[in-house]
Amino acid sequence: MASNRARSTRSLQHRRVGDSPAIKWLLIGIAIAVTTGLLIMPLVVIFTEALSSGWSTFADNLLDQYTLHAIGLTLFVAALTVPLNLVFGVALAWLVTRFRFPGRKLLITLIDIPFAVSPVVAGLLYLLLYGRNGWIGNWLADYDIQLMFSWPGIVMVTVFVTCPFVARELIPLMQQQGSEEEEAGVVLGASGWRIFRTITLPNIKWALIYGVVLTNARAVGEFGAVSVVAGNIRGQTNTLPLHVELLYQDYNVVGAFTSASLLAGIAVFTLAAKGFVEWRQARTVIRLQAQETV
Amino acid sequence: MSITVDGIKKRFGKFQALNNVSLDIPEGKLTALLGPSGSGKTTLLRIIAGLESADSGQISFSGRDVTGLHVRDRNIGFVFQHYALFRHMTVAQNIAFGLDSLPRKQRPAKAGIQKRVSELLEMIQLPHLAQRYPAQLSGGQKQRVALARSIATQPKILLLDEPFGALDAKVRKDLRRWLRNLHDEFHFTSIFVTHDQEEALELSDQVVVMSQGRVEQVNEPIELYARPESRFVFDFLGQVNVISGQVKQGSLNQGNAWVTVPGVQHKGDAQLYLRPHEVRLATAPVAHANLPLRIEAVSLIGSEVRVELRPEGWQSEGSNNIWEVGISHAEFNSQRPTRGDLRYAVPEVGHLFTGNDAQPATVNWAEAELAPRVRLIS
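For the record, the sequence lines run as chains B and Z.
Just so it is clear: in the first sequence, position 67 is 67 by the numbering used here, and no numbers are missing.
Just so it is clear: in the second sequence, position 2 is 296 by the numbering used here, and no numbers are missing.
Careful: at least some of the hints might be erroneous.
[To be verified] Label-pair distances were calculated between CB atoms; the ranges are:
| no. | chain 1 | residue 1 | chain 2 | residue 2 | range |
| --- | --- | --- | --- | --- | --- |
| 1 | Z | S316 | B | G192 | 54 to 60 Å |
| 2 | Z | P320 | B | S191 | 49 to 55 Å |
| 3 | B | V121 | Z | V465 | 55 to 61 Å |
| 4 | B | I28 | Z | A463 | 25 to 31 Å |
| 5 | B | E278 | Z | S432 | 25 to 31 Å |
| 6 | B | Q175 | Z | S316 | 51 to 57 Å |
I should point out that these hints are in silico values taken from the structure, not numbers from a laboratory.
Here a beta-carbon is modelled for each residue, glycine too, at the ideal position from N, C-alpha and C.
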């Protein structure tokens, strides 16, 4: 009787829609082919090309004056962008999840604009607004302040392009967690800063780290918006992604791939960090559940 | 510390959550705010705590106006409906949070805090779980930790929002008793919000019945059950059987069904309210009532046998047109009522609402047989 029932459930499971082995293996095959052709092979090519003339050429290319400057500028931009968007993202998520005000829904939608707009368009808008002939740029030029075609412009567009990442990670989480714990904190006499530090921050820690990792990856790799406002001045406003293109146009293929391999390296590192954070989050949940059942 | 609520009004958009609520909560008493959802009871609790601000009105603790005082400085204990334990802190850290948050001058030393935390853990009988996280606790354990956390700083006032709402029946009963003991031991002024009338009647010294942002009635549980002042309170406090009809020549009539209402001067529309234990079942009509009903269901669970009946040839007031009568197991064994049997309801004590009169008149047929009279509740 029992085995009968077991058999019938098993056959029922077999008949589940989309569960036929042929379709399963077909889909797996397609996934492998696409991943290999579009992701893994290009990644391998980047590193083999970069090293095609040997390690010493790779080192020479890496230690080139302009390459070093591009690396420095890229890290500098990321170092400014990430903290700015960290603070902005937390503040924004706090605002839309802890307060009720007219236009709140609209604000949540507006956060996504940088995702929806092409980065090149974003760059152009900044150029039109803050460029020497732009509305604000014109006025700033009177005070000898130049934003476009220098590092502040690069930081501005990078901040714009990456600003949704942290907020997007935090808003759903903070919505789901609600504000009861914070209310409990206030009732128990804690100051606002203490509540943020000891209650809110630990609760959103992993989502925040995840958001920062994504922000950093995008800040380092942004090409479109930066290329519009940077002006490609070698040794001055050339970030790593722009540098790759510049070297390639100079027919320095190995040099281009050397810089590209750095970016690819950062990307791989980002993925590893992202994987680790996700694993940590999952593990915390599993551990708690496991102990709960003990 | 006594609590005085004076003329509190609160509006959320178009919804009037509280409409001119005034209350006196006596010191050291356990008061229940009872009402259906949307009656404003939780909003009132949150306003007393200071988590919400009123549009107008005043809150005072022992005569001192605290309306403008920040919740942080009110020194109250508050237990949230879903406990709101800090999920990344251990049980011990949760309980210590209030003490750790005290301003430096009042804060005990580390050892003092530890001592107080272990005392509280002993009190809630969970010392072995000090290093656990909230996710690893059962509902009842979470509730006890939340209570310990809220009283760690020795507040004079303890506010609880639906404290037993999310627990199963058995745990709920244990915790109720435990809370009652805790209250008696520490002499807080406590207010708890509940939609469960049984819980309110069993646990509290005083019940505040609320509906639609207003206070309907305030009284001790026994008085409240015995003398509801309005139809709402009657309906809300337990099962009630209602027959509505016309009063003429000393009896209430609806179709062929009738009940004498000795001593009632009123003529016209009226409703008679009867609790399940105020009605007997007979196999034939009696001198003072003819209320035929057919048995729909008999339930033996509990100390009483619950019989559900459907009016035969007349209509009951209420949603499902069902009367409920409680009979003893002895009665059940001798009469063996079964589904489909015809019975006649014999009212012993009833409450007659006439017209728009808020206060009902009590009709007592047992007494009336000796000396017909009507007692009006003041």
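Status of the hints after comparison with the structure:
In this structure the supplied range 54 to 60 Å is violated for S316 (chain Z) paired with G192 (chain B), their Cβ-Cβ distance being about 33 Å. Remark: the range hint 49 to 55 Å for P320 (chain Z) to S191 (chain B) is contradicted by a beta-carbon distance near 33 Å. Here the CB-CB span from V121 (chain B) to V465 (chain Z) is close to 59 Å, well matched to the stated 55 to 61 Å. In this structure the supplied range 25 to 31 Å is violated for I28 (chain B) paired with A463 (chain Z), their Cβ-Cβ distance being about 50 Å.
Taking the beta carbon of each, E278 (chain B) and S432 (chain Z) are about 29 Å apart, inside 25 to 31 Å as hinted. Take Q175 (chain B) and S316 (chain Z): their Cβ atoms lie about 37 Å apart, and the range 51 to 57 Å is violated.
Going down the numbered hints, you'll see the structure goes against 1, 2, 4 and 6, while the others check out.
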